[in-house]
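2 protein chains.
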Amino acid sequence: MSLTVSPLAPTEKPHLPALAGVRLAAIEAGLRYQGRPDLLLVALPTGSAVAGVFTKSTTAGAPVVWCRDHLDGGTARGLVVNAGNANVFNGAAGRDAVEATAAAAARVLDCAPAEVFLASTGVIGEPLDGAAIAAALTRAAGDLGDHDWTGAAAAIMTTDTFTKAATRQAKIGDVTVTLNGIAKGSGMIQPDMATMLAFVFTDAAVPAPVLQALLKRAVDKSFNCITVDSDTSTSDTVMAFATGAGPRHPAVTTAGDRHLRDFRQALEKLCRDLALQVVRDGEGAQKLIEVTVRGATSRAAARKIALAVANSPLVKTAIAGEDANWGRIVMAVGKSGAPADRDRLAIDIGGIAVARAGQRVAGYDETPVAAHMRGREITIAVDIGLGRARARVWTCDLTHQYIAINADYRS
Amino acid sequence: MSLTVSPLAPTEKPHLPALAGVRLAAIEAGLRYQGRPDLLLVALPTGSAVAGVFTKSTTAGAPVVWCRDHLDGGTARGLVVNAGNANVFNGAAGRDAVEATAAAAARVLDCAPAEVFLASTGVIGEPLDGAAIAAALTRAAGDLGDHDWTGAAAAIMTTDTFTKAATRQAKIGDVTVTLNGIAKGSGMIQPDMATMLAFVFTDAAVPAPVLQALLKRAVDKSFNCITVDSDTSTSDTVMAFATGAGPRHPAVTTAGDRHLRDFRQALEKLCRDLALQVVRDGEGAQKLIEVTVRGATSRAAARKIALAVANSPLVKTAIAGEDANWGRIVMAVGKSGAPADRDRLAIDIGGIAVARAGQRVAGYDETPVAAHMRGREITIAVDIGLGRARARVWTCDLTHQYIAINADYRS
Chain A
1 MSLTVSPLAP TEKPHLPALA GVRLAAIEAG LRYQGRPDLL LVALPTGSAV
51 AGVFTKSTTA GAPVVWCRDH LDGGTARGLV VNAGNANVFN GAAGRDAVEA
101 TAAAAARVLD CAPAEVFLAS TGVIGEPLDG AAIAAALTRA AGDLGDHDWT
151 GAAAAIMTTD TFTKAATRQA KIGDVTVTLN GIAKGSGMIQ PDMATMLAFV
201 FTDAAVPAPV LQALLKRAVD KSFNCITVDS DTSTSDTVMA FATGAGPRHP
251 AVTTAGDRHL RDFRQALEKL CRDLALQVVR DGEGAQKLIE VTVRGATSRA
301 AARKIALAVA NSPLVKTAIA GEDANWGRIV MAVGKSGAPA DRDRLAIDIG
351 GIAVARAGQR VAGYDETPVA AHMRGREITI AVDIGLGRAR ARVWTCDLTH
401 QYIAINADYR S
Chain B
1 MSLTVSPLAP TEKPHLPALA GVRLAAIEAG LRYQGRPDLL LVALPTGSAV
51 AGVFTKSTTA GAPVVWCRDH LDGGTARGLV VNAGNANVFN GAAGRDAVEA
101 TAAAAARVLD CAPAEVFLAS TGVIGEPLDG AAIAAALTRA AGDLGDHDWT
151 GAAAAIMTTD TFTKAATRQA KIGDVTVTLN GIAKGSGMIQ PDMATMLAFV
201 FTDAAVPAPV LQALLKRAVD KSFNCITVDS DTSTSDTVMA FATGAGPRHP
251 AVTTAGDRHL RDFRQALEKL CRDLALQVVR DGEGAQKLIE VTVRGATSRA
301 AARKIALAVA NSPLVKTAIA GEDANWGRIV MAVGKSGAPA DRDRLAIDIG
351 GIAVARAGQR VAGYDETPVA AHMRGREITI AVDIGLGRAR ARVWTCDLTH
401 QYIAINADYR S
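Protein sequence lines correspond, in order, to chains A and B.
In terms of the working numbering, the first sequence opens at residue 1 and continues consecutively.
In terms of the working numbering, the second sequence opens at residue 1 and continues consecutively.
Hints may be right or wrong, so weigh each one.
Chain copies aren't distinguished; within one or between two, either way the pair holds.
Stated by the list, open to error - Distance condition first, Cα-Cα at most 30 Å in a straight line; then the derived DSBU-like pairs of lysine-lysine: (1) K304 with K13; (2) K56 with K304; (3) K216 with K269; (4) K304 with K216; (5) K221 with K304; (6) K171 with K221; (7) K171 with K304; (8) K56 with K171.
The hints are simulated quantities; they were obtained by calculation from the structure and are not laboratory data.
All of these numbers come straight from a predicted model, not from anything done at the bench.
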């Protein structure tokens, strides 16, 4: 199906610079889609460090299992991502396709298969044609170049309506390094340790264990704080690659290294940027919703309440209808199972006090709240009034278009 | 808004007989709706036993708190239910409205306020006009009669498109007693110990503690196994009333009494009948979906997996689109968090084997599955292959009409 671009798409597309050591090729393998690239090959120089976080689903796909199994090596020479077929729930045939793909990429890149990382996104339960991918990879070798990041982001899209990319610079000591990232959404999104697919690259020299610690921390604050539809993918994957091919900077050996402070922040901002782009392209999204919970008894409780609000179909449809129906927020807090006291609850919408101490504020005037609901970005703040813990998550509204996409399209 | 009758509505309406001791009046209090009854008064004879189970929401409504506080008394003389305003999250004003309503009903019925039970359904966070209800109750007293069960069921509807009622007979010893029940849905439905509103009446003489035990057990197998949209109401209430005004039967003193075997079964069947009527009138429902999970490691795990499937927006939209997209069932099992092994999973749709041992069955032919998907009643069976526990839940599909109802209507 053809989808119009999300109204929440960023107005300016970022320009991702070439990144020392990274070469890309986006090509048509014809796996499912016709007339568009659906396969991404990324080549990395010898000694590139790799880190990754993956779905916790008990029905994780064969590519996820492959990546987990080979992450311990700590080095990567290649990344292969296909769209259109998730290679999930294919039993031995799924493992065979993964091995054939890694072997083909290893031949093209002249490395060991264990240094090739894989991700697949698309339909579940249909055999993936490993031979078609292998043939396409051979063709892709001739196309490798250092500039087409937009093409790379486009090759991994499924129901996405815009390419998702972000770039940041950071200082390590006095030396400026670069981080580039690409991601895709846009349904089956409530990441559990990772989102659908996102890949971050840097020319900095960051050892794999350090990169892993930094990535995990950044993902917890970004991709793990978004939800489109509460459904957790079998293929969630966020990986980071550090080529070390950029300008020489002071060596870093631990995640807490003082030289990494700026890099850490840049990585977190990059991940949040990409994660919010995923929400902005949530299937059918017309509104971006930020839910902040304060005053909870623990961080876990705050997060549980925030997700209960962000995943409530009744809250999401009310926002789609631009209805300031804050009673549904009360309902969602109440159903979450996390500690809450009805008579201490406070709720703000768009920064306007709606409820205090378990009831509507005196002289409540819906007019300014209704005006906020007509905007593109909705903020909901809930104060539980029991403790000091807080959490923030992002989601989108639930619209007719979500139904149309998912009732009519086999993704 | 005006809603067309659900295509899943039962083709035959049950006729509920008069039930010894129960008198009903359905009247217009004009609380929110115009031109339809929105207030139900039920009068019960002295000594009627009462039992109830209520929402576990931490933001439960004032009527729920009232009922819980007075259940220990074990006897009821009256029940007042209003539609259009849930009297939830109104602080002290909510408690005042509850007390005024109970006092007014007590005057009409010549009993203590503590013997009057209350339930409210509708919008959250708007003050309930207790004086209007009190005035209406005075008028209702003259209308009390023993036959208009359909009017009673109609008075408690909100977005329901048909009245929900059921009746059963049961033997206690050689004596036939009768059970009548009414319920309403139809959004904000994933009951947590009770559903939106359901009331069961019997002319049998069943002591309150026994009635409570029987009701809890029946609710666990019926109302607690349905979900429309995963949202748990602040007002969920199931109550049972036993007038003891029917034909004399052997005395029963414990829930395990052998004389109660038939009554127990009848109560469970009645509750399941009402619960399925609630699902059949789920907002926007076009398909009734039964999800059975077998082979789980525990009953809790089986239930968790079944609810993950039944609440998945992607599973529900696929069914709305009549798409045999069983990969989404794999995803939902995987995200549930309950123990599962991808390589042991088996899935049947409409009794047809779709997947075995972690992959699509050899020679899979979608034709008969697609034919099943075009029907009104969809069955999904998942075998986890790890243990012996099982669970069954019911839900409906997620359609454009759900969005229309909830984005446009403040319920």
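Consistency of the hints with the structure:
Neither within a single protomer nor between protomers do K304 and K13 lie at most 30 Å apart by alpha-carbon distance, with minima of 33 Å and 42 Å respectively. Taking identical chains as interchangeable, the C-alpha atoms of K56 and K304 lie at most 30 Å apart whether they share a chain (17 Å) or sit on different chains (16 Å). Taking identical chains as interchangeable, the C-alpha atoms of K216 and K269 lie at most 30 Å apart only when both belong to the same chain, with a minimum of 13 Å there against 51 Å between chains. In this assembly of identical chains, K304 and K216 lie within 30 Å of each other by CA distance both inside one copy and across copies; the values are 20 Å within and 28 Å between.
Taking identical chains as interchangeable, the C-alpha atoms of K221 and K304 lie at most 30 Å apart whether they share a chain (15 Å) or sit on different chains (27 Å). For a Cα distance limit of 30 Å, the shortest separation of K171 from K221 inside one copy, 21 Å, qualifies, whereas the shortest one across copies, 61 Å, does not. Taking the shortest Cα distances, K171 and K304 never come within 30 Å of each other, neither inside one copy (36 Å) nor across copies (47 Å). In this assembly of identical chains, the alpha carbons of K56 and K171 never lie at most 30 Å apart, being 33 Å within a copy and 52 Å across copies at closest.
Checked against the numbered hints given earlier, this structure breaks hints 1, 7 and 8; the rest are met.
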